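Colleague: Chains as they are written, first to last, in our numbering: chain A, 134 to 466; chain B, 19 to 454; chain C, 24 to 210.
By construction, these hints were calculated from the structure, which means they are not laboratory data. This one's a predicted model, so the numbers in the text were calculated from it and none came from an experiment. Be a bit skeptical, because a hint or two may be false.
[What the hints assert, rightly or not] Calculated pairs, EDC-like style, for lysine to aspartate or glutamate (alpha carbon to alpha carbon, straight line, at most 16 Å): (1) K340/B <-> D267/A; (2) K186/A <-> D146/C; (3) K114/C <-> E186/C; (4) K340/B <-> E211/A; (5) K185/A <-> D118/C.
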Amino acid sequence: MTADQTTASDEAGPAAPLGKDLVGLEGLSGDTIRMILDTAEPFKEISERPIKKVPVLRGKTIVNLFFEPSTRTRISFEFAEKRLGADTVNISSVGSSVSKGESLVDTARNLEAMRIDMVVIRHGSSGAARFLADRIPSNVINAGDGRHEHPTQALLDMLTMRDRLGKVEGLRVCIVGDIVHSRVARSNIFGLRALGAEVGVCGPRSLVPVGIEDLGVSVFGHVEEAIEWADVLNVLRLQLERMNAGFIPSLREYNRVFGVTRARLERAPREVVVLHPGPMNRGVEIDSDVADGPQSVILPQVTNGVAVRMAVLYLLAGGRPELAEDAKRGSGG
Amino acid sequence: MSGRIPGDRLWIHGGRVVDPSQGLDGPAQVIVEAGRIAAVGPELERPEDARPIDASGLVVAPGFIDLHVHFREPGGEHKETIASGARAAVAGGFTTVWTMPNTDPPIDDPAAVGFVKAAGEAARGARVMPIGAASIGMEGEQMTEIGGLVAAGAVAVSDDGAPVGHAGLMRRLLEYTQSFGIPVIQHSEVVELAEGGVMNEGSIATALGLRGIPNAAEAAMIARDALLSELTGGHLHVCHVSARESVEQLRLARDKGLRVTSEVTPHHLILTDELVRGYNTEAKVNPPLRTERDVEAVRQALVDGVIDVIATDHAPHHYEEKEREFDDAPFGINGLETAFGLCMKALVEPGHMSLGQLIDRMACAPARIMGLDGGTLRPGAPADVVLLDPNEIWTVEPQGFVSLSHNTPVAGWKLPGRIRRTLVGGETRHEVEEDR
Amino acid sequence: MIADKQPRDLLDAAGVEQALGRLADDIIAAGATDDLLLVGIRRRGVELAERLAELVAERTGDPVDRGSLDITLYRDDFAQIGSRPLIGTTKIPGDITGRRVVIVDDVLYTGRTIRAALNEIADFGRPARIELCVLVDRGGRELPIQADFVGIGSDVPPGSHVEVRVPSEDDELGVRIRAGAEQAGAG
């Protein structure tokens, strides 16, 4: 290979470092996750340039396949894709594949026939991303599958924690809210544990899943305990449907008992950093003065989101086509 | 294949006869005449004009009886027909099967029962005995005309697939069925607790982000129904027990001497929710595969007799339906052709049970608890016989199934124990060539 | 694995310092330095740009701006290489439109690195003038690119490897030629 001799021979990262897909953080090593976060750093700088674009994915076609409505995540991915110079196509179709009429298998086959390079998929069924990844040679990135994982969200959460506190290892991070239905919670748990953080979850018993301790997390029944223990709080959005389905009696009661309020934070022994994946229900799981206050890193999360997604796309894309085959046969991400 | 008109004499020789109903286990011969067992004993000589069947190296046992299968006819013939199911059954060593009524339309009137019976007879596989629906349309509201169903040939009633949720209706069923001497077969699940779950509730479900079905959903229903059996004196038969808490309830019912019987599937005797990892839809079944603790509990219960019989809950599904996101895939495992091998692997190979005890749970006990004319090689019984090799190791190849469907989580497994020949009423309805 | 030729020094530390001194003089002679920006490429070019900036500043009496450029994301062989190179820092101070930019790199060979650098600089703005300064020009161009300022020229056969060593990366200063196979992992 006669590339310029001053190319990155002594700076090479590992070949196909993530395999073919990013389906979740479960099973990824701490080194791999650190590598993704390190790769995201230079991409932050690109978003500060006058021309926010680099040609590294020029000529690549990326499909954003969103079976669940989402503005924020989709836009963040779209920015990431376009800033890397790729061509993007958005396909939205709400509803399960069964109700839609075209099965996920057929969607997969159509994408393969169109020779799409990468697919970013958000779907309402846990396991949908893995399902797709196993059936098409394109790189598949999970933008949220049911209640299973949302790996890029957890990655940007961890990057934000690292930016603010200098490291993730040894941090005490408590995820507060509806853990049962949360893919953000699961990805955070897998990722944080791999990086050596201590993880806790806190919420009403009806919203904390059975067997969560087996994932290596502590369970706090009261948000005051969680705040006293934690260095970082990751506050999850509470959805109206949970009240309608009888998990909790009302949103007002939830705020009263579990809300992250200024008063509760002030009683903490240390400055607790507060994250939220958005969109926020102000006055329900988090009060405005916390969300807009000095302990909140909610806006940096959004900025980091684009950089992290650029890093993931960069690490998965390109390379020799045989690499995609090898990875499909072998590691499976 | 090598079918003969009943009336032939057969002399099955050279094998080891294992018939727990008579306490037999040793070298012996069996003489069949006019479709019934004429004699069993260690020194029976070949009668003149009897056709010899060489059972050297094989075990000769009563044909298995499966109290719980789903043949998808009418309505789902692409997955299984009564004919293909009946033939899959004999390939698995079963000479009698009880078919569940949750077809489309369901078997909730005498004509439908008659249809199933006739199709079963024409199939020349295992004997097909239809179970009728407990409620009209299987909607769980109004009782079917049970007398009419029984007259047409139904052997029991059930709404399996779903439970009879309404306690009042369950009570009436347990009372009314006593007029006909049939059991109420209950798929035990409190639907409100199962809440749309798709696998066992526990840490694996939590990691995968899938909704879980807690053990309590099954045990709570068994507790309720056992009390109703006690109240009414009716015969309750509990389907596919999977949870250790359910075993506790059944033990209590047995200790009280209630008319409660129960069954367990081969897969619940050995497989756990670990198999679901990776979103493997072949392992999606209701009740779900649970934990090692639950497997141990139901296994021990079968050994102790707290659970009476093994029944496959054979649930064929077309591969396209299983080739879906986990939430959307249907529940069910194809069980007839792997049942014996899987039970050998789960129970006999590790030493939890002897071969004789396994044969009892698969053949004698089902006949006993349901009062059937079969499950034995006693003279006078129907000549429903299975010849099997308990030592032959074979690999599960679903594409080679007699069943029209191939949905099983044990594809590629090597199982000990192969069915070599199955006779129904003295007629050979399944046979495997020597060289295999 | 390595051919029988021993590695030989093309320039020792003193030689490099002399060459840099001449390059500084050439840069000053070629144009105004009041809006000069020296941009070093990726790793070793960055220290060379630093040294040149100091030398120019010494001679003119005014400080000289410097920047660094990582061209990884602009490589033209990205689709072929297997590995995902780690991306270094790019830092371009202020607005480069209208300025005199001199790109500084250690070795000029095929010219592809410089082409990537030109593409990237264009995304930052429109300099009045871009010049190229390299320590070693080893020939073997694959693109029509030439350096304006060259420390030392040397025709090195394609199989060999020219290594510029700088203190911040290699604990010494010098230029070495190594014969034989490219280092493992080279793109």
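Colleague: So which of the earlier hints does this model not fit?
Modeller: 3, 4
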